[in-house]
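Given these sequences and hints, build the entire structure.
In the working numbering, the protein residues as written are -17 to 294.
These are computed hints drawn from the structure, not numbers from a lab. It is possible that part of the hints are untrue.
[Claimed, not checked] Pairs of lysine to aspartate or glutamate, EDC-like flavour, derived with a Cα cap of 16 Å:
(1) Lys22 with Asp(-3)
(2) Lys22 with Asp(-8)
(3) Lys22 with Glu56
[As the list claims (entries may be wrong)] Between beta-carbon pairs, the in silico distance windows are:
(4) Glu175 with Asp125: 47 to 53 Å
(5) Pro193 with Ala19: 53 to 59 Å
(6) Lys72 with Pro207: 22 to 28 Å
(7) Gly265 with Arg13: 19 to 25 Å
Everything numeric in this text was worked out from a predicted model, so none of it was measured. Ideal placement from N, C-alpha and C gives every residue a C-beta, glycine not left out.
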Amino acid sequence: MTDPVIRTLDDSTADLFDTLPDPLRLAETHRLTRHRADWKRVALRDGRVIARAAWWGRPEDSEPLLVNWLDVAEGEEEAGAALLRGAPWKVDELELDLPAGWRDVPAQRAAARTRFDAARGAGYELLAERYTYRWTPECSLPDRPGRLVFTPEPDDSVFLGILRDISSATLDAHARRAIAKGGVERAAQEDLEFFHWFPSPRAWWQIARTPGGEPVGIHIPARNPSGPCVGFIGVLPAQRGHGYAYDLLVECTRFLVEQGARAIGAATDQGNFPMAAHFTRAGYPVVRERVNFFVPTAADAERPAGSAALGG
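This is the structure:
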(Lines of atoms letter the chains of each structure in order from A and count residues from 1; the text may use other names and numbers.)
(Lines give C-alpha, C1' and ligand atoms only; values in the text may rest on other atoms or scores of the structure.)
Protein backbone atom coordinates (compact mmCIF):
# COMPACT_ATOMS: atom_id res chain seq x y z
CA MET A 1 0.00 0.00 0.00
CA THR A 2 1.42 3.33 -1.03
CA ASP A 3 1.65 6.26 1.36
CA PRO A 4 -1.07 8.89 1.01
CA VAL A 5 -0.35 12.13 -0.80
CA ILE A 6 -1.89 15.21 0.78
CA ARG A 7 -2.77 18.21 -1.36
CA THR A 8 -4.20 21.64 -0.72
CA LEU A 9 -6.58 22.42 -3.56
CA ASP A 10 -7.03 25.44 -5.79
CA ASP A 11 -9.55 26.46 -8.42
CA SER A 12 -8.09 24.08 -10.99
CA THR A 13 -8.20 21.02 -8.70
CA ALA A 14 -11.32 21.81 -6.63
CA ASP A 15 -13.30 19.06 -8.37
CA LEU A 16 -11.21 16.46 -6.55
CA PHE A 17 -13.04 17.33 -3.35
CA ASP A 18 -16.32 15.96 -4.75
CA THR A 19 -15.03 12.50 -5.66
CA LEU A 20 -15.36 10.93 -2.21
CA PRO A 21 -18.65 9.22 -1.25
CA ASP A 22 -20.85 11.22 1.12
CA PRO A 23 -22.66 8.76 3.48
CA LEU A 24 -23.35 11.50 6.06
CA ARG A 25 -24.85 13.86 3.46
CA LEU A 26 -22.49 16.70 4.27
CA ALA A 27 -22.99 18.22 0.83
CA GLU A 28 -26.65 18.67 1.74
CA THR A 29 -25.68 20.47 4.94
CA HIS A 30 -23.24 22.77 3.16
CA ARG A 31 -25.25 23.55 0.04
CA LEU A 32 -25.30 27.25 1.05
CA THR A 33 -21.86 27.35 2.66
CA ARG A 34 -19.08 29.21 0.89
CA HIS A 35 -15.80 27.28 1.05
CA ARG A 36 -12.72 28.70 -0.61
CA ALA A 37 -11.01 26.19 -2.91
CA ASP A 38 -7.63 26.96 -1.33
CA TRP A 39 -9.02 26.18 2.14
CA LYS A 40 -9.79 22.60 1.08
CA ARG A 41 -7.39 19.65 1.40
CA VAL A 42 -7.53 16.04 0.27
CA ALA A 43 -5.51 12.91 0.94
CA LEU A 44 -5.02 10.59 -2.03
CA ARG A 45 -3.83 7.01 -2.23
CA ASP A 46 -2.97 5.72 -5.70
CA GLY A 47 -4.76 8.72 -7.15
CA ARG A 48 -8.02 8.10 -5.25
CA VAL A 49 -9.31 10.54 -2.62
CA ILE A 50 -9.45 8.79 0.77
CA ALA A 51 -10.00 11.82 3.02
CA ARG A 52 -11.06 15.42 2.60
CA ALA A 53 -11.51 18.45 4.82
CA ALA A 54 -12.72 22.00 4.32
CA TRP A 55 -11.89 24.97 6.52
CA TRP A 56 -14.38 27.83 6.83
CA GLY A 57 -14.08 31.53 7.55
CA ARG A 58 -16.12 34.64 7.00
CA PRO A 59 -15.60 36.54 3.73
CA GLU A 60 -13.55 39.17 5.57
CA ASP A 61 -11.24 36.63 7.27
CA SER A 62 -7.69 36.14 6.01
CA GLU A 63 -7.44 32.82 7.88
CA PRO A 64 -10.13 30.17 8.46
CA LEU A 65 -11.90 29.95 11.82
CA LEU A 66 -12.66 26.23 11.99
CA VAL A 67 -12.89 22.93 10.14
CA ASN A 68 -16.52 22.27 9.28
CA TRP A 69 -16.26 19.42 6.76
CA LEU A 70 -14.35 16.20 7.33
CA ASP A 71 -14.81 12.97 5.37
CA VAL A 72 -12.62 9.90 5.77
CA ALA A 73 -12.89 6.58 3.94
CA GLU A 74 -13.26 3.47 6.09
CA GLY A 75 -9.90 2.34 7.46
CA GLU A 76 -8.17 5.61 6.56
CA GLU A 77 -8.37 7.31 9.96
CA GLU A 78 -4.63 8.01 10.06
CA ALA A 79 -4.73 9.66 6.64
CA GLY A 80 -7.58 11.85 7.86
CA ALA A 81 -5.62 12.76 10.99
CA ALA A 82 -2.54 13.60 8.91
CA LEU A 83 -4.68 15.75 6.63
CA LEU A 84 -5.72 17.84 9.64
CA ARG A 85 -2.36 17.86 11.44
CA GLY A 86 -0.43 19.11 8.44
CA ALA A 87 -2.75 21.97 7.54
CA PRO A 88 -1.10 25.38 7.29
CA TRP A 89 -3.93 26.94 9.34
CA LYS A 90 -4.12 26.27 13.06
CA VAL A 91 -7.74 26.37 14.18
CA ASP A 92 -8.92 25.09 17.53
CA GLU A 93 -12.40 23.87 16.55
CA LEU A 94 -13.78 21.21 14.25
CA GLU A 95 -17.48 20.56 13.76
CA LEU A 96 -19.20 17.65 12.09
CA ASP A 97 -22.83 17.83 10.98
CA LEU A 98 -24.47 14.42 11.07
CA PRO A 99 -27.92 13.17 10.07
CA ALA A 100 -30.50 13.21 12.85
CA GLY A 101 -30.56 9.81 14.55
CA TRP A 102 -27.20 8.78 13.08
CA ARG A 103 -26.55 6.35 15.93
CA ASP A 104 -29.55 4.25 14.86
CA VAL A 105 -28.27 3.67 11.31
CA PRO A 106 -25.29 1.25 11.29
CA ALA A 107 -23.67 2.66 8.14
CA GLN A 108 -23.92 6.25 9.41
CA ARG A 109 -22.70 5.26 12.87
CA ALA A 110 -19.64 3.57 11.36
CA ALA A 111 -18.93 6.54 9.08
CA ALA A 112 -19.20 8.94 12.03
CA ARG A 113 -16.83 6.80 14.11
CA THR A 114 -14.22 6.91 11.37
CA ARG A 115 -14.33 10.70 11.33
CA PHE A 116 -14.29 10.94 15.13
CA ASP A 117 -11.18 8.74 15.26
CA ALA A 118 -9.45 10.88 12.63
CA ALA A 119 -10.26 14.05 14.57
CA ARG A 120 -8.93 12.58 17.80
CA GLY A 121 -5.81 11.39 15.98
CA ALA A 122 -5.18 15.02 15.03
CA GLY A 123 -5.43 16.16 18.67
CA TYR A 124 -9.09 17.19 18.87
CA GLU A 125 -11.34 16.32 21.82
CA LEU A 126 -15.10 16.36 22.14
CA LEU A 127 -16.61 19.67 23.25
CA ALA A 128 -20.35 19.24 22.70
CA GLU A 129 -23.05 17.41 20.84
CA ARG A 130 -25.79 19.69 19.54
CA TYR A 131 -29.19 19.50 17.91
CA THR A 132 -29.74 21.69 14.87
CA TYR A 133 -33.27 22.76 14.01
CA ARG A 134 -35.11 24.22 11.06
CA TRP A 135 -38.52 25.83 11.50
CA THR A 136 -40.76 26.28 8.43
CA PRO A 137 -44.37 27.44 8.14
CA GLU A 138 -45.47 23.78 7.96
CA CYS A 139 -44.38 23.50 11.62
CA SER A 140 -47.07 26.07 12.59
CA LEU A 141 -46.37 29.37 14.31
CA PRO A 142 -46.46 29.20 18.13
CA ASP A 143 -48.69 31.65 19.98
CA ARG A 144 -47.10 34.35 22.11
CA PRO A 145 -47.56 33.49 25.82
CA GLY A 146 -48.02 37.21 26.54
CA ARG A 147 -46.12 37.18 29.83
CA LEU A 148 -43.27 39.48 28.83
CA VAL A 149 -42.68 42.86 27.21
CA PHE A 150 -40.05 43.05 24.45
CA THR A 151 -38.23 46.24 23.54
CA PRO A 152 -35.13 47.16 21.52
CA GLU A 153 -32.12 48.60 23.33
CA PRO A 154 -29.50 50.62 21.37
CA ASP A 155 -26.90 50.65 24.15
CA ASP A 156 -24.39 47.80 23.79
CA SER A 157 -23.29 48.21 27.40
CA VAL A 158 -26.77 47.18 28.56
CA PHE A 159 -26.58 44.00 26.50
CA LEU A 160 -23.04 43.35 27.73
CA GLY A 161 -24.18 43.57 31.34
CA ILE A 162 -27.01 41.10 30.72
CA LEU A 163 -24.69 38.75 28.79
CA ARG A 164 -22.23 38.87 31.68
CA ASP A 165 -24.95 37.77 34.08
CA ILE A 166 -26.24 35.05 31.77
CA SER A 167 -22.73 33.71 31.18
CA SER A 168 -22.11 33.37 34.90
CA ALA A 169 -24.47 30.39 35.02
CA THR A 170 -24.66 28.92 31.53
CA LEU A 171 -25.22 25.37 30.28
CA ASP A 172 -23.66 26.11 26.88
CA ALA A 173 -20.39 24.22 26.35
CA HIS A 174 -18.88 26.85 24.06
CA ALA A 175 -19.63 29.60 26.58
CA ARG A 176 -18.22 27.57 29.45
CA ARG A 177 -15.02 26.98 27.52
CA ALA A 178 -14.77 30.70 26.70
CA ILE A 179 -15.15 31.46 30.41
CA ALA A 180 -12.43 28.93 31.29
CA LYS A 181 -10.08 30.60 28.80
CA GLY A 182 -10.79 34.28 29.51
CA GLY A 183 -13.35 34.74 32.26
CA VAL A 184 -16.98 35.80 32.21
CA GLU A 185 -16.21 39.31 30.96
CA ARG A 186 -14.32 38.05 27.94
CA ALA A 187 -16.97 35.42 27.16
CA ALA A 188 -19.71 38.06 27.23
CA GLN A 189 -17.64 40.36 25.01
CA GLU A 190 -17.11 37.55 22.49
CA ASP A 191 -20.86 36.95 22.37
CA LEU A 192 -21.47 40.64 21.73
CA GLU A 193 -18.88 40.69 18.95
CA PHE A 194 -20.52 37.63 17.40
CA PHE A 195 -23.93 39.31 17.42
CA HIS A 196 -22.43 42.29 15.62
CA TRP A 197 -21.04 39.97 12.97
CA PHE A 198 -24.54 38.95 11.87
CA PRO A 199 -25.48 40.87 8.70
CA SER A 200 -28.99 41.48 10.11
CA PRO A 201 -29.90 44.87 11.65
CA ARG A 202 -28.63 45.74 15.12
CA ALA A 203 -32.11 47.15 15.83
CA TRP A 204 -33.52 43.62 15.90
CA TRP A 205 -31.91 42.81 19.28
CA GLN A 206 -34.45 42.85 22.09
CA ILE A 207 -34.59 42.76 25.87
CA ALA A 208 -37.44 40.93 27.60
CA ARG A 209 -38.95 42.37 30.78
CA THR A 210 -41.83 41.51 33.06
CA PRO A 211 -44.86 43.85 32.92
CA GLY A 212 -43.40 45.45 36.05
CA GLY A 213 -40.16 46.29 34.21
CA GLU A 214 -37.79 43.65 35.65
CA PRO A 215 -35.27 42.40 33.06
CA VAL A 216 -35.74 38.72 32.23
CA GLY A 217 -33.34 38.08 29.35
CA ILE A 218 -32.55 38.79 25.72
CA HIS A 219 -33.18 37.30 22.31
CA ILE A 220 -31.27 38.00 19.12
CA PRO A 221 -33.23 37.39 15.90
CA ALA A 222 -30.63 37.26 13.15
CA ARG A 223 -29.57 36.32 9.66
CA ASN A 224 -26.37 34.40 9.04
CA PRO A 225 -24.93 33.50 5.61
CA SER A 226 -27.40 30.59 5.38
CA GLY A 227 -30.50 32.62 6.22
CA PRO A 228 -32.66 33.66 9.19
CA CYS A 229 -31.72 32.09 12.51
CA VAL A 230 -32.23 32.21 16.25
CA GLY A 231 -28.99 34.00 17.09
CA PHE A 232 -29.26 33.79 20.87
CA ILE A 233 -31.74 33.09 23.65
CA GLY A 234 -30.68 33.89 27.21
CA VAL A 235 -32.49 34.19 30.54
CA LEU A 236 -30.97 35.89 33.58
CA PRO A 237 -30.14 33.41 36.38
CA ALA A 238 -32.49 35.15 38.83
CA GLN A 239 -35.39 34.69 36.41
CA ARG A 240 -34.93 31.00 35.65
CA GLY A 241 -37.41 28.34 36.62
CA HIS A 242 -40.42 30.05 34.99
CA GLY A 243 -39.98 28.74 31.44
CA TYR A 244 -39.21 32.21 30.11
CA ALA A 245 -36.80 30.85 27.50
CA TYR A 246 -39.84 29.53 25.66
CA ASP A 247 -41.38 33.01 25.62
CA LEU A 248 -38.16 34.42 24.18
CA LEU A 249 -37.95 31.69 21.54
CA VAL A 250 -41.54 32.28 20.45
CA GLU A 251 -40.95 36.03 20.21
CA CYS A 252 -37.75 35.47 18.24
CA THR A 253 -39.55 33.13 15.85
CA ARG A 254 -42.50 35.41 15.29
CA PHE A 255 -40.24 38.44 14.90
CA LEU A 256 -38.27 36.72 12.12
CA VAL A 257 -41.47 35.61 10.39
CA GLU A 258 -42.70 39.20 10.51
CA GLN A 259 -39.46 40.16 8.76
CA GLY A 260 -40.28 37.71 5.97
CA ALA A 261 -38.49 34.54 7.10
CA ARG A 262 -39.79 31.35 5.46
CA ALA A 263 -37.32 29.12 7.30
CA ILE A 264 -35.42 29.63 10.57
CA GLY A 265 -32.32 27.77 11.70
CA ALA A 266 -31.35 27.19 15.32
CA ALA A 267 -29.18 24.97 17.52
CA THR A 268 -28.66 24.02 21.15
CA ASP A 269 -26.46 21.65 23.12
CA GLN A 270 -28.05 18.24 23.60
CA GLY A 271 -27.19 18.50 27.28
CA ASN A 272 -29.24 21.69 27.62
CA PHE A 273 -32.42 19.73 28.29
CA PRO A 274 -34.63 22.74 29.14
CA MET A 275 -33.79 24.59 25.91
CA ALA A 276 -34.16 21.45 23.80
CA ALA A 277 -37.62 20.96 25.32
CA HIS A 278 -38.54 24.55 24.46
CA PHE A 279 -37.56 24.03 20.82
CA THR A 280 -39.72 20.91 20.66
CA ARG A 281 -42.67 22.73 22.22
CA ALA A 282 -42.28 25.64 19.78
CA GLY A 283 -42.47 23.25 16.82
CA TYR A 284 -38.83 23.17 15.78
CA PRO A 285 -37.89 19.73 14.37
CA VAL A 286 -34.35 18.39 14.70
CA VAL A 287 -32.90 18.21 11.17
CA ARG A 288 -29.26 17.38 11.92
CA GLU A 289 -26.97 16.67 14.86
CA ARG A 290 -23.69 18.53 15.23
CA VAL A 291 -20.61 17.29 17.06
CA ASN A 292 -18.06 19.93 18.04
CA PHE A 293 -14.43 19.09 18.79
CA PHE A 294 -11.71 21.41 20.08
CA VAL A 295 -7.95 21.43 20.58
CA PRO A 296 -7.39 21.56 24.35
CA THR A 297 -5.18 24.19 25.97
CA ALA A 298 -3.89 24.64 29.50
CA ALA A 299 -7.09 26.50 30.37
CA ASP A 300 -9.07 23.36 29.51
CA ALA A 301 -7.10 21.11 31.85
CA GLU A 302 -9.84 21.07 34.49
CA ARG A 303 -12.64 20.29 32.04
CA PRO A 304 -14.04 16.76 32.21
CA ALA A 305 -13.20 14.86 29.02
CA GLY A 306 -16.23 14.71 26.76
CA SER A 307 -15.32 11.72 24.59
CA ALA A 308 -17.41 9.30 26.64
CA ALA A 309 -20.55 11.03 25.42
CA LEU A 310 -19.95 9.54 21.96
CA GLY A 311 -20.07 5.97 23.21
CA GLY A 312 -22.70 3.45 22.14
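- Out of the numbered hints, which ones does the structure contradict? Per hint list: 3 and 4 violated.
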